[in-house]
Amino acid sequence: MGRTLSEQILSQAAGRAVQAGDFVVVAPHVVMSHDSLTPSIIQILRSELGKERVHNPQQLVFVFDHVVPAATVGTANAQKTVRRFAAEQGIRLFEGGCGICHQVLVEEGIAQPGQIVIGADSHSTSYGAVGAFGTGMGSTDVALAWATGRTWLRVPETLRVDITGRFPPFTDAKDLALKLGRLLTISGANYMTIEYHGLEWLELGGRQTLASMAVELGAKAGIVPPDGLPRQYAVPHWLKVEEGARYARRLEVDLADLQPQVALPHAVDRVVDVDAAAGTKVDVVFLGTCTNGRLSDLQTAAALLRGRRVAAGVRLIVTPASSRVLAQAAADGTLQTLLEAGAALTTPGCGMCMGRHQGTLGEGEVCLSTANRNFRGRMGDPTSHIYLASPAVAAASALTGVITDPRSL
Amino acid sequence: MARVWKFGSDVDTDQIVPGRYAPYMRPDADVGEAAFIEARPEFAKTAQPGDVIIALHNFGCGSSREYAVEALRRRQVGAIIALGFARIFYRNALNLGIPLYESPEIVHALEDGDAVRLDVAGGTLERLSGTGGVFALPQLPEFARQILQAGGIVPYVRRYGRFPGEEG
Chain L
1 MGRTLSEQIL SQAAGRAVQA GDFVVVAPHV VMSHDSLTPS IIQILRSELG KERVHNPQQL
61 VFVFDHVVPA ATVGTANAQK TVRRFAAEQG IRLFEGGCGI CHQVLVEEGI AQPGQIVIGA
121 DSHSTSYGAV GAFGTGMGST DVALAWATGR TWLRVPETLR VDITGRFPPF TDAKDLALKL
181 GRLLTISGAN YMTIEYHGLE WLELGGRQTL ASMAVELGAK AGIVPPDGLP RQYAVPHWLK
241 VEEGARYARR LEVDLADLQP QVALPHAVDR VVDVDAAAGT KVDVVFLGTC TNGRLSDLQT
301 AAALLRGRRV AAGVRLIVTP ASSRVLAQAA ADGTLQTLLE AGAALTTPGC GMCMGRHQGT
361 LGEGEVCLST ANRNFRGRMG DPTSHIYLAS PAVAAASALT GVITDPRSL
Chain U
1001 MARVWKFGSD VDTDQIVPGR YAPYMRPDAD VGEAAFIEAR PEFAKTAQPG DVIIALHNFG
1061 CGSSREYAVE ALRRRQVGAI IALGFARIFY RNALNLGIPL YESPEIVHAL EDGDAVRLDV
1121 AGGTLERLSG TGGVFALPQL PEFARQILQA GGIVPYVRRY GRFPGEEG
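So the sequence lines, in the order shown, correspond to chains L and U. Under my numbering, read the first sequence as residues 1 to 409, first letter to last. Under my numbering, read the second sequence as residues 1001 to 1168, first letter to last.
With the rest of the complex left out, here is chain U (with noise of 0.2 Å):
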């Protein structure tokens, strides 16, 4: 059973991981102990492997900084559910092989707390409290997909030998 975090808009870089707390200002932590370690304490002390964050428009915007997704990579996060994301934040999650969907019906129907079994493969999240309820998850672009489904982009490239939208 997995936990919804839900998150408002324009959430930037820097409230998923301040620069301050950047693997260049810290080498000897795990910067996955910084996810929202100032904007949401309670993420970093308390979220669990396959957690899902939900949040609504422009989620992600800022600073380029990869550690933001690395950080939530290595807090397991399950899947990023939003209105819409930031260019480069979009980018670099399915470069790390975070699923991540636009679904406003989710978004909407879904409550930060909400307990939910999420199905990747499947394309669902179910909600376990309140009124339940199955959701199908949004389709990806193609070229997201692949990239989902090789587990990212160094994995993608490894397995095609190429970069999406290169002729194969």
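The following block holds chain L by itself, in its conformation from the complex (with noise of 0.2 Å):
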């Protein structure tokens, strides 16, 4: 019998067979945790756990992300409690400014196919994107991982996406997300993992782009087969696809007739075709985040920027994933193209997507984001509303000041 990812990966971490269903025990590979929750779980450490240091220190790393550079004196000071402990510990840490943890992680090669990543952030799905085993838990989790150098894990069973065909013009992944969401809901996999098959010829941030997503619908993990991935992810000679693997579900997503999608407020599965929203007056356009802050989603929405202006009365936030993004976004003039339209550039990390600074929107504001995310309030204020949508809509919106077709321009 065949076994999914989920199971190959499970299985080698736990040195014994095991398949959806079962309980194992293991020693995950990285265990990452940002600046937002690093505090509380030192906290529990120390005072529920009684423990001053870590089991295995080479396993964590942390990343400054979620509030960068500081906001507040909690905020700074939280950081420097952080920065203590890594330092005490021999801790890897990225500070502020190196980039969204999800970003850093894959762009450093710290999260590898094969491996379990747990992380203290929903969006740990994210590692998936490079065929590992990439989960989200809670501080109390992750102080445990801290604590034993070990998790627990239930083996989820699969639910696999075959997916034919190639994106339209203006489509890209962030829209097959979209329409993901829209096909299964937003607990259509729960405790579930997502495979997606098909997208060998996919590039890698259209793969972090999905797998970023997989837990909106409720997934525990979202895998890419990791067929075509650059050469710095080393495959792992056992983490292939295998014929005969047991799926809970099975869905087919022909990219053919794929239009640009739009998540309404306040829920990632309210989904409609791009026309259906037309016309609704923005505020704020956001590029970034873990799910669309890529040099590759800075450059589409250049591409239609390119020698015009942001629409008065109209706000272009901007913000890269990483220092690097931002780095080759300087050197190719992707970020000239930016500016020159009208953009608000703002240091790498989470940037506006929680609400706590860089843009934190007023009462009725209208934000049309690149995130993952359009829960009521999750911005700012809770009269505000979220539009989720594609780089491409994104910048066409940014063009006109209402929510816009990029295939209309």
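Rather than coming from a laboratory, the hints here were simulated on the basis of the structure. One should not assume that every hint holds.
As the list claims (entries may be wrong) - The calculated DMTMM-like cross-link candidates involving lysine to aspartate or glutamate, where the alpha carbons are at most 25 Å apart (straight line), are:
#1 1006/U <-> 381/L
#2 80/L <-> 1030/U
#3 1006/U <-> 1112/U
#4 1045/U <-> 381/L
#5 80/L <-> 1028/U
#6 51/L <-> 1112/U
Using the hints, put the two chains back together into the complex; each one sits in its own frame.
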């Protein structure tokens, strides 16, 4: 009998053959946490688990991305605590400005195919882009992993998506991710891994977009089979799609008729073709996040914005996913194009995604965002509205001031 | 006597505690005071220890923020009963020792504001208002029952010296 990718990865780590439904205790290859929660995990380690030291500092990685640079005395002090802890224990720390944790771990090659990566962040499903089993956990689970070097998991069932065709012009992986939300709903993959088949041609950034949004359908992990990855990702010989693997559900999606998609407030599965949302006035356009802050996303937006200006009354806020993305965008002229169009540039990181800084929304404001969540009040005042879409829809909407089909420009 | 707070489907953790109210952002505040502060301010102001949350599908979806569960623990929520839970929330709630059940019977029978008496040890929920009635709390999966009985995952690991599913 064949095995799913999750069964392969978790069997390898557990040292025995396991299948969906089994419980395993494994040593994750990487345990990631960011500035927003690491202070609370340190506190749990010390006060609840009574430990001063982590089991294996090599497993851990800290990334400052949620509020960078610090915006308040409280966040500054919390970051100081984490810096000191990391130095004392010999833990790798990526400072504010390096980028979003999920982007940094992929860029640096810290997340690798066949690994288990747990993160104190729900978008840790992102590591499935490189064929890792990535999953998000709460602070207490992560503190236990620090203390013991291990964690426990139930081996998930798998939902297999078979994708055929290629993206029509002005659509990309974000439209596919939103379309999957529309087809499967916000809980359609609850407790499962999503495997995305038929994408060996898709570049890494698109894979990251898809895998980051697996959690938005409730998934525990979202894995793209590791065919066609750049060479810095070493695929172990035992990790490959096996015939006869058992899937809890299968879904086929043909890209041929994919339209630009828009998620309406306040749920990621309230998705429509762009026509149905077109004309909605926007105050802010946000280009960034672990879902859409990469160079290809910035380039897509720049191609539409080149030689034009953002509409009067609209703020375009661009937050590159990492300093490396920012440097590349500066080197190839993308950044110049965005700035000449009127974009405001912020420090690489999570930016305004959680409404904490760098563009928090006020009462009744409308934001067209390339992020992954449009929950009520997520980016600011609870009366504000968030629409989710691709970088192309974002750029087109920034130019007109209303939600706009990029094919119409 | 406890009160029922009834919610709909897909209540996300941003509704339970908005990210702007995270302990990281407000280190001197009690996160318990932020429970449903914007989505249901009446809960934030008046929920009492032992009150019961009832919800439809997919309660606790979205962000993995454990402080959403921590806020409910600080308010001493007696139990959460729903048609279903989002994965990370379910695990976080068990980890912090909040009993949670999937029971269509209870969810459909009870209304917001109902007065109830919850007996987790005895496995019952009694409605004291309206038409009354005693409902059985469903059996939890064995691993979940053991974690809750220990009072959460930290006391569980301390008591058994191992994780759920690990050979003893």
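- Which hint numbers does the structure go against, in order from smallest to largest? Those not satisfied come down to hint 6.
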